Every structure is written in structure tokens, then in C-alpha cells.
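Asker: Each chain, written out:
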Amino acid sequence: MPPHRLEGRGPRPGPPVSPGDAASGSPPSADTDLRVTTNAGMDPGIGTDIETTTNAAPDAGTSVSTDTGANVGTGTAGKGGARGRQAARLSPLVALAAMGVLLASMLAGLLVGAADIAPTSVMLQLLDWLPFVSVDSGLAPIELGLLAELRLPRVLLAAIVGGLLAIAGAGYQGVFRNPLADPYLLGAAAGAGLTTTAAIVFIGGDVESIGIPAAAFTGAVGGVLLAYALGSAAGRGGGTATLVLAGVAVTSFLTAVQTFLQQLKVEELQRVYSWILGDVGGGWSQVTLVVPYAVVSVVVMLFHGRLLDVLSVGDDEAVTLGLNAARVRLVVLLAASLATAAAVAVSGLIGFVGIVVPHVVRRLAGSSYRIVLPVSLIGGAAFLVLADLIARTVLAPAELPIGVVTAFVGAPFFVAVLRVTRRAET
Amino acid sequence: MRPVRSALAGALFVALTLAGCSQSSSAPPPAVDSSAGFPVTVEAGNGPVVVPKRPERIVSLSPSATESLFAIGAGPQVLAADDQSDYPAEAPTSELSGFKPNMEAILNRKPDLVVVANDIDNVVAELGKVGVPVLLEPAVTTFDEAYDQITDLGAATGNSDGAAGLAGRMRKRLDEITAAAPKDAKLTYYHELDTTPYSVTSDTFLGQIYGLFGMTNIADEAPDPAGGYPKLSAEFVAQADPDLVFLADTKCCAQSRDTLAKRPGWSKLSAVKNDRVILLDDDIASRWGPRVIDLAEQIGDAVQKVAG
Numbered sequence: 082m083p084p085h086r087l088e089g090r091g092p093r094p095g096p097p098v099s100p101g102d103a104a105s106g107s108p109p110s111a112d113t114d115l116r117v118t119t120n121a122g123m124d125p126g127i128g129t130d131i132e133t134t135t136n137a138a139p140d141a142g143t144s145v146s147t148d149t150g151a152n153v154g155t156g157t158a159g160k161g162g163a164r165g166r167q168a169a170r171l172s173p174l175v176a177l178a179a180m181g182v183l184l185a186s187m188l189a190g191l192l193v194g195a196a197d198i199a200p201t202s203v204m205l206q207l208l209d210w211l212p213f214v215s216v217d218s219g220l221a222p223i224e225l226g227l228l229a230e231l232r233l234p235r236v237l238l239a240a241i242v243g244g245l246l247a248i249a250g251a252g253y254q255g256v257f258r259n260p261l262a263d264p265y266l267l268g269a270a271a272g273a274g275l276t277t278t279a280a281i282v283f284i285g286g287d288v289e290s291i292g293i294p295a296a297a298f299t300g301a302v303g304g305v306l307l308a309y310a311l312g313s314a315a316g317r318g319g320g321t322a323t324l325v326l327a328g329v330a331v332t333s334f335l336t337a338v339q340t341f342l343q344q345l346k347v348e349e350l351q352r353v354y355s356w357i358l359g360d361v362g363g364g365w366s367q368v369t370l371v372v373p374y375a376v377v378s379v380v381v382m383l384f385h386g387r388l389l390d391v392l393s394v395g396d397d398e399a400v401t402l403g404l405n406a407a408r409v410r411l412v413v414l415l416a417a418s419l420a421t422a423a424a425v426a427v428s429g430l431i432g433f434v435g436i437v438v439p440h441v442v443r444r445l446a447g448s449s450y451r452i453v454l455p456v457s458l459i460g461g462a463a464f465l466v467l468a469d470l471i472a473r474t475v476l477a478p479a480e481l482p483i484g485v486v487t488a489f490v491g492a493p494f495f496v497a498v499l500r501v502t503r504r505a506e507t
Numbered sequence: 296m297r298p299v300r301s302a303l304a305g306a307l308f309v310a311l312t313l314a315g316c317s318q319s320s321s322a323p324p325p326a327v328d329s330s331a332g333f334p335v336t337v338e339a340g341n342g343p344v345v346v347p348k349r350p351e352r353i354v355s356l357s358p359s360a361t362e363s364l365f366a367i368g369a370g371p372q373v374l375a376a377d378d379q380s381d382y383p384a385e386a387p388t389s390e391l392s393g394f395k396p397n398m399e400a401i402l403n404r405k406p407d408l409v410v411v412a413n414d415i416d417n418v419v420a421e422l423g424k425v426g427v428p429v430l431l432e433p434a435v436t437t438f439d440e441a442y443d444q445i446t447d448l449g450a451a452t453g454n455s456d457g458a459a460g461l462a463g464r465m466r467k468r469l470d471e472i473t474a475a476a477p478k479d480a481k482l483t484y485y486h487e488l489d490t491t492p493y494s495v496t497s498d499t500f501l502g503q504i505y506g507l508f509g510m511t512n513i514a515d516e517a518p519d520p521a522g523g524y525p526k527l528s529a530e531f532v533a534q535a536d537p538d539l540v541f542l543a544d545t546k547c548c549a550q551s552r553d554t555l556a557k558r559p560g561w562s563k564l565s566a567v568k569n570d571r572v573i574l575l576d577d578d579i580a581s582r583w584g585p586r587v588i589d590l591a592e593q594i595g596d597a598v599q600k601v602a603g
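Sequence lines, in order, name chains A and B.
Just so you know, this note's numbering puts 274 at position 193 of the first sequence, and the rest follows in order with no gaps.
Just so you know, this note's numbering puts 463 at position 168 of the second sequence, and the rest follows in order with no gaps.
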């Protein structure tokens with residue numbers, strides 16, 4: 082009988098980690114039957130049911146079941162087993178519902194705006210833009226230009242940025258196993274703020290179009306790399322706690338330098354402040370800037386949903402299950418930071434999206450990262466499109482900064498979801 | 296009984312001393328403004344300020360005040376100006392900051408009069424404690440206030456004649472400009488403060504200058520909570536299609552008709568197509584010194600070109 086093997090370093094084709102895979106065979110070296118059901122320390126009430134079943138030699142006999150709270154593992158070895166209360170896979174229904182919400186909010190964003198354009202004309206114009214459809218919408222050239230060059234890219238940019246921030250937030254929460262993690266934890270916001278302030282103060286002129294996105298992106302990536310370097314240099318044993326502390330230190334330092342730079346040229350204060358408050362009105366140029374980075378980071382993150390589920394069990398257990406925890410964390414962090422940097426480069430420092438949306442998704446759809454990551458992507462997009470809609474209509478024709486709206490809208494919504502789902506659970 | 300007696304004696308002593316002190320300082324300062332003589336009392340934003348003698352070491356922390364001081368003939372009396380005072384060219388610009396005043400740096404110059412536009416960090420009270428007269432001349436909301444400030448500066452520096460002359464010339468020029476411009480042109484305009492875009496409503500001083508020419512500000516449609524300097528929606532400006540566009544971000548942000556045309560949705564603005572984009576100097580459009588009449592002249596010329 083092959084001995085019970087404790088997994089060491091290094092990647093290896095891991096044992097199948099989902100009920101569905103259990104039936105489909107596994108590397109012949111798999112020899113433990115692990116049934117792990119845990120409350121993965123997110124916060125009370127959020128349970129992560131992970132079913133990790135490896136094809137076992139029938140009498141390997143190691144059945145580990147760590148239960149807290151109301152999760153009861155039934156201890157049956159083999160495939161399938163107790164499903165738990167929450168699904169571990171993204172059901173098509175949930176995905177469709179999320180997409181539906183996103184499309185509805187994008188449509189609302191296109192129909193309404195500070196300019197007085199009849200919604201029916203907008204609908205007709207949208208139809209006209211579909212290939213093979215030709216409809217006369219009766220819009221004046223200025224209104225057509227407004228729709229095509231201002232509103233459409235604005236709604237798209239809001240969706241992309243919202244999705245990026247939400248999925249990055251979910252990724253950070255998965256890596257740090259901490260419900261308070263948000264995309265700006267490791268100094269992305271502080272770094273971007275510093276380089277943008279430096280660009281405005283030292284270069285000046287018309288930096289808004291290309292200079293600021295490049296500066297902000299570099300700053301965000303630089304901030305995260307600095308935090309990572311500092312955290313790694315602090316020693317291997319620290320793990321994520323050291324990384325968080327390094328992030329706090331880097332954020333404080335970079336923010337201090339930014340404040341100093343702001344004082345150097347006080348007349349540019351308004352410009353810097355405007356950028357910090359966030360704005361998704363950059364137009365098609367910003368959309369094309371962000372899309373490549375968005376695609377890369379989102380694809381990488383979506384592939385790591387399963388691995389994040391395993392990681393949430395705990396470092397030692399994850400290692401036992403054949404996972405190189407450090408490498409998974411690094412890859413997810415890099416992808417999430419890339420997403421954050423891209424979002425921040427084109428839209429400023431919009432807060433609240435990255436921390437609230439993943440939590441809401443967990444409450445509504447389930448806490449497995451295979452669900453949370455894609456649904457946060459879609460949910461975050463819808464959230465920011467709606468927030469931008471409110472920002473540009475509530476004081477029309479004046480606008481509110483979008484960061485103000487996300488905070489105002491996000492907080493009560495989060496409380497409402499908390500109460501509704503808590504009632505459902507008890 | 297001895298402690299009580301000594302206490303009473305002490306109280307009597309203190310009372311007499313205080314009475315004596317108040318006696319010597321009870322003579323009121325002459326309240327009549329006098330262009331020939333000092334001391335003079337000037338009514339500034341921080342109340343009545345007594346200037347004991349003709350100041351020869353003036354520190355100006357307000358770019359508008361610097362311009363006014365030089366225009367009324369008090370230039371030779373100005374020792375140092377703040378880092379934003381770049382007009383006129385002979386203004387003694389220094390590293391002093393009007394936004395973050397450093398008390399020691401100001402006092403190091405041993406000023407006998409300080410002019411500020413904002414009371415930041417309690418600078419007015421602090422200077423008062425050290426006995427330096429300080430005039431608070433904040434941003435104005437009407438032309439009359441602007442003329443008043445010039446008159447105050449004249450009285451405080453012993454250049455009342457120069458100040459009266461300047462104010463008179465300004466009034467005359469403004470009357471000429473507003474008379475020459477057609478008032479019934481019914482033009483709409485958009486004034487841009489920066490590229491966000493931030494604009495101004497008619498409630499502000501700037502808005503009032505435009506109002507002299509009978510123009511309608513598209514930013515007036517913004518609701519009151521947005522304030523006097525609302526952040527406008529780009530698509531609203533595109534749809535409102537103002538007849539005239541005034542850019543006040545030409546120096547800071549290099550904006551011009553070309554950059555406007557490149558903004559999404561704004562290339563079809565009639566102001567861009569018909570070359571009705573007026574480039575203003577950022578500083579002239581944000582100060583309330585003598586050059587505010589230059590601003591009015593530029594606006595008047597633009598209105599005449601379009602309407603006349």
C-alpha cells in the first residue's frame with residue numbers, strides 16, 4: 082500500500098479537487114481520501130464548502146473532517162458526497178441572471194444622461210448599430226456624436242473598470258483570506274496617486290490624455306512590487322501577514338511623498354484632487370488602453386478560481402493537497418494587481434467597489450471562488466455602471482464624483498444584503 | 296485679619312495699576328482717513344486695521360493685491376511678494392506662500408504691513424499678536440468691492456491719489472467696454488476652469504462680468520447644490536452647443552481649440568467649427584486686480600466679433 086504522502090514543495094499534477102472530477106480518475110499516485118469541510122474563516126456566516134475527493138485506495142482510511150458551525154460532513158469516502166448548502170460551481174442560471182443585470186444596467190446607462198435625448202431615439206440608434214440592421218433614429222449629428230463618443234464609451238469604461246476592481250478585490254480577498262482586503266491593499270492606489278501627482282506637478286500641460294494613464298499604471302504596479310519586495314525581504318515565515326504590513330507601510334510612505342509633491346505646486350491641487358475622486362468619462366481612447374490588460378488579468382484570474390478555493394482551506398492543508406501556495410498567491414496577486422493598475426490608470430481611484438461587490442456576491446451566490454470571481458466581474462461591472470448613472474443624473478447637468486456615489490450607494494446596499502441573507506440563514 | 300488686609304491691599308494695587316494702564320491707552324486713534332498723514336484706519340476684511348506710519352516694507356501674499364499695489368504707485372514700498380505673484384514683472388517674487396504662510400519667514404523680513412487674501416493657519420491673528428498690521432483682502436464678488444480694495448490699499452500705503460486715479464480709470468474703461476458691446480445679442484457661453492470640466496455659474500464674480508454683456512451661461516442650469524463652480528457633464532456641454540467658449544485653462548493645461556476638437560463628442564461643437572473659442576490667460580481670469588478690466592475687454596471684443 083503506498084504510504085500516505087505528505088506533499089512537499091513544487092507543483093505536481095494535483096489530485097482532482099471537485100466532486101465532478103472524482104469520477105474521472107486521477108494520477109495513480111493519489112492515495113489519500115480527504116474529505117474536508119471547513120468554515121474557511123472569512124467571517125461568521127460565510128461558509129466555504131470544499132469537497133476534495135481524491136481517488137483512493139479503498140482502505141487508505143484517512144478521513145479528515147474539520148467541522149465548525151453547522152457544516153456537517155457526512156464522512157463518506159468516494160465521489161460526490163454531501164453537497165453542502167452552497168454550490169461549488171457556477172450554475173448557468175446564476176451566470177445568466179448576472180449577465181441580465183449587467184445588460185439591463187448598461188442599457189439604462191445609455192438611455193439616460195445629462196443631455197436631453199429621447200430614449201426611443203437612443204434605442205433606435207442602438208438597433209441601427211447592430212450589423213445588418215438599418216433604422217433611422219432621427220438623431221441630430223451632435224446627438225449622434227454625443228451618443229457614440231461620450232455615452233457609449235463611458236458606459237463601457239464603467240463596466241470594464243467596475244469588473245476589474247471587483248475581480249481584483251475578490252482575488253485579494255482569496256489570497257489574503259481576509260474579508261477586509263481590497264485592491265488597494267498593497268499600495269496600488271498610493272503608488273498611482275504619487276506618480277500622477279508627479280506628472281501633473283512636474284510635467285504639467287495637457288497630460289490628461291496619455292501621460293496620466295501611463296504614470297498611474299506605472300505607479301500602481303510599482304507600489305505593489307515595492308510592497309511585495311518589502312514583504313518578501315522581511316522573511317519567508319511571515320506569509321500574508323507580513324505582506325499586508327508591507328502594503329500598509331508602502332501606502333503610508335507613498336501617500337506622504339504625494340502630499341509633499343502636492344504642496345510644491347498648490348495651484349494644481351484641484352487637478353490632482355479631481356483625478357483622485359475618479360472619473361470614467363475618458364472616451365474611446367481610455368477604453369482601448371484598458372482592454373488588453375483587462376483581458377489578460379481576467380483570464381488568468383478566472384483560471385485560478387479553483388486554486389483559490391483550495392488555498393482558502395489553509396496553507397498547510399493546501400500544500401498537502403498538492404498546491405504550491407506561494408506560487409498561486411503570487412500569480413493571483415500579480416493578475417489582480419495588473420487589473421487594479423489598469424483600472425486605476427484610466428479612471429482614477431474609485432473606492433468601495435473592490436471590497437463590497439465580492440461580499441455581496443458571496444452572500445447572494447455562494448462563496449466558492451469559482452463562483453465569486455466570475456460573478457464579481459459581472460456584478461462589479463453592473464454596480465459601477467449604475468453608480469456612474471447616478472453620478473451624472475442626480476445633479477444634472479452637473480456631476481458628482483463617482484467615488485462619492487460608490488460609497489453612498491454601496492454602504493446601504495451592503496447592509497441590506499447582510500440583513501436579507503442573514504434572515505434567510507437563521 | 297492680616298491675610299485679608301494684604302489681600303485687599305493687593306486688589307487695590309492691581310485695580311489702580313489697571314486703571315493707570317487703561318488711562319494711557321484710552322486715547323482713541325484718529326478715525327479719519329487721511330491721505331497726507333498717518334496713522335490711518337482702514338476697513339479691511341478683518342475689521343478696522345490701524346496702520347501707524349507709511350509702510351516701506353510691505354509683504355504681499357496675494358497676487359491680486361500685488362498687481363493693485365504696483366498699479367497705484369506703491370511698487371517701491373513692496374519688499375516681497377508671494378510665489379504666485381508673477382505680475383508685474385518687477386514684482387519681488389519670493390518663496391513665501393499665500394496658501395501655507397510661514398510666520399517666521401514672513402516676520403524674518405521685518406514687514407510693517409502684510410496683505411493677505413486668505414486667513415489660513417490663523418495668520419491674521421498671529422501677525423496681530425506680534426504687532427504687524429495685516430490687511431485681509433479676500434476674493435471679491437462685485438466690481439464695487441474690487442474698487443474698494445484698491446482704495447483701501449491706497450489709504451494704507453499713502454497712495455490714496457494713485458488709488459483713486461486707478462479706480463476712476465477702471466470704472467471709465469469698463470463703462471466704455473460695456474457701452475460698445477451689443478447687449479441684445481442673446482448669446483450663450485461656456486467658461487471652462489479646467490479640463491474635468493469645471494465651469495462657473497452666474498453667481499460668481501466671473502459670472503457677473505459675463506453678465507455685463509447680456510450673455511447666458513449654460514452652467515446656470517446646474518442645480519444649487521452643485522455650487523458656484525460645478526463640474527459639468529461633457530455631454531451636456533456638447534448638446535447645449537454654446538455660441539462662445541472661453542478657456543481659462545490655457546496656461547495650466549495647454550488647452551486650445553485643437554485640444555477641444557479632440558475631446559470625445561466635442562469636435563462638432565459650433566464654437567469649435569466657427570472658431571469662437573476664446574483663449575483667456577488663467578491668471579487674468581482668476582485675479583481681481585486692475586487687470587480684471589482687461590478680461591472684460593477681451594470678453595467684450597469676443598461678443599462684438601460674434602454679434603456685431
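In case anyone wonders, no lab produced these hints; they're calculated from the structure.
In this text, all values refer to a predicted model and were calculated from it rather than measured experimentally.
Every residue gets a Cβ at the ideal spot worked out from N, C-alpha and C, and that includes glycine.
Treat the hints with care, as some may be off.
[Said to hold, decoys possible] Pairs of lysine-lysine residues, derived as BS3-like cross-links and limited to a Cα-Cα distance of at most 27 Å, are as follows: (1) B:K467 - A:K346; (2) A:K346 - B:K395; (3) B:K467 - B:K478; (4) B:K348 - B:K467; (5) B:K600 - B:K557; (6) B:K600 - B:K467.
[Said to hold, decoys possible] Chain B residues, not near chain A, derived (Cβ > 12 Å throughout): (7) G332; (8) T336; (9) G342; (10) P343; (11) G368; (12) Q372; (13) D378; (14) N417; (15) A420; (16) V435; (17) T436; (18) E440; (19) L507; (20) A521; (21) K546.
Asker: If a hint holds in the structure, say so; if it doesn't, say that too.
Answerer: We went through each hint and held it up to the structure:
no. : hint            : result
1   : B:K467 - A:K346 : violated (37 Å)
2   : A:K346 - B:K395 : holds (11 Å)
3   : B:K467 - B:K478 : holds (18 Å)
4   : B:K348 - B:K467 : violated (32 Å)
5   : B:K600 - B:K557 : holds (25 Å)
6   : B:K600 - B:K467 : holds (22 Å)
7   : G332            : holds (39 Å)
8   : T336            : holds (33 Å)
9   : G342            : holds (27 Å)
10  : P343            : holds (31 Å)
11  : G368            : holds (28 Å)
12  : Q372            : holds (27 Å)
13  : D378            : violated (9 Å)
14  : N417            : holds (18 Å)
15  : A420            : holds (22 Å)
16  : V435            : holds (19 Å)
17  : T436            : holds (20 Å)
18  : E440            : holds (23 Å)
19  : L507            : holds (24 Å)
20  : A521            : violated (4 Å)
21  : K546            : violated (9 Å)
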